[in-house]
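If you read the protein sequences in the order shown, they are chains A and B.
Counting along the first sequence from 1, when you hit position 96 you're at 95 in numbering that gives the first Met the number 0, and nothing is skipped either side.
Counting along the second sequence from 1, when you hit position 11 you're at 10 in numbering that gives the first Met the number 0, and nothing is skipped either side.
Keep in mind that the hints are not guaranteed to be accurate.
What the hints assert, rightly or not - Ranges of calculated distance between the beta carbons of each label pair, as one might list FRET restraints:
(1) B:65 <-> A:68: 28 to 36 Å
(2) B:65 <-> A:160: 33 to 41 Å
(3) A:113 <-> B:131: 44 to 52 Å
(4) A:94 <-> B:111: 32 to 40 Å
(5) A:74 <-> B:85: 29 to 37 Å
(6) A:56 <-> B:86: 40 to 48 Å
(7) A:2 <-> B:89: 32 to 40 Å
(8) A:51 <-> B:62: 35 to 43 Å
It is worth saying that the hints were derived from the structure and are not from the lab.
The C-beta atom is built at its ideal place from N, Cα and C for all residues, glycine as well.
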Amino acid sequence: MNEDITYTGLGFFGKVTASISHELKNRMAVINEQAGLLEDLVLMAERGASTDFERLKRVSNAVKQQVARGDRVLQNMNRFAHSVDHSHCMVEIGSLLDMIAALAARQAGLKGVPLEVVPAAPAVLTTAPFMLMNLIWLCIESFLSVSKSGNAIELMCAKQKEMTTISIGNASVDGKAKDVDWKPAASVLASALGAELVWDYRKGLMTIRLPNTDMRRVSGRGRQDENCRKEE
Amino acid sequence: MAERVLLVDDEKDFLDVMQERLSARGMDVSIETSPEKALERIASEMFDALILDLQMPGIDGMAALKSAKKMRPELQVILLTGHASLEKGVEAIKLGAMDFIEKPADLEALSDKIKRAKQNKMLIVEKMNQEKIMDMLRRFGV
Chain A
0 MNEDITYTGL GFFGKVTASI SHELKNRMAV INEQAGLLED LVLMAERGAS TDFERLKRVS
60 NAVKQQVARG DRVLQNMNRF AHSVDHSHCM VEIGSLLDMI AALAARQAGL KGVPLEVVPA
120 APAVLTTAPF MLMNLIWLCI ESFLSVSKSG NAIELMCAKQ KEMTTISIGN ASVDGKAKDV
180 DWKPAASVLA SALGAELVWD YRKGLMTIRL PNTDMRRVSG RGRQDENCRK EE
Chain B
0 MAERVLLVDD EKDFLDVMQE RLSARGMDVS IETSPEKALE RIASEMFDAL ILDLQMPGID
60 GMAALKSAKK MRPELQVILL TGHASLEKGV EAIKLGAMDF IEKPADLEAL SDKIKRAKQN
120 KMLIVEKMNQ EKIMDMLRRF GV
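Construct all of the structure, not just a fragment, from the sequences and the given hints.
In structure tokens:
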């Protein structure tokens, strides 16, 4: 594999893992304080204060909510970790966009930019899921460097006869759109995926055009792993 | 007199429970989810300690620390973060932070730091007042 792709991939993996660990730390911090609050309430009850059952229920609900949020983060982390199990496999692009939006939400949130996946008809194709996620991530990062707070970055996909397109857009980039700092690694990844990057700066829209044909079959390389979605 | 604390974090759930627990320990706790609003409050209200999350949407913790210390040099700032790195800790102390602690924090330890923050602030204010008096005396030739 191209050295640039390897290092870009490692950097991507590192950033996602750091973001996930930060998110989990936040969940743990809240659970830790809720446990501390329970200790405070027990101590007060031992000293003769009446037990406020509604308050206890609120603490219990708050812990459950944090666990549910942490569980969603871990589910995405698990899917992300398994995205490197097979170099190529069949992927549903809409659910891949959902996952990348969830993984990048924290980084985008720090810039005040929401990430929105526009619902679309299922688009299944055989590709390299990790490289594709890395490419989308780089595009999101480039958009974040110029997006205005409060303006969402939209992610869309559409399957056409010859190709599947993934569009990443933010209407707020306007005048700055020409100056978007597209990472050189994005072109390298696009090339490895057999994809084409089309940048429409007037619309603030980056389109990734992916071939519907498995590029390894065209070049006669590799074995196709039929389905890589796996959760353990 | 109760310690006046301003807690700033973008996690509302975290702020609510911290406010409840620190208030139960006799502190006067205000909360803000936005660093910009926190800075507005610092400009118009007096606090003994500012507890600040390092990573927040908008202004990040380091920039908020700089602005807060510029406005109120006597204000004691404790940075609270999900991931404490040595480099960030050193940078925070250089910028005038009193302490730098990692989440999940031990509340008793944090309470002690807040009490110490109030004492530090009182000493600084006292010193600033003394300097002002000395300056006045010098100016009037006493």
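request  = Could you work out which earlier hints the structure fails to respect and list their numbers in ascending sequence?
outcome  = Of the numbered hints given earlier, those the structure breaks are 2 and 4, listed in rising order.
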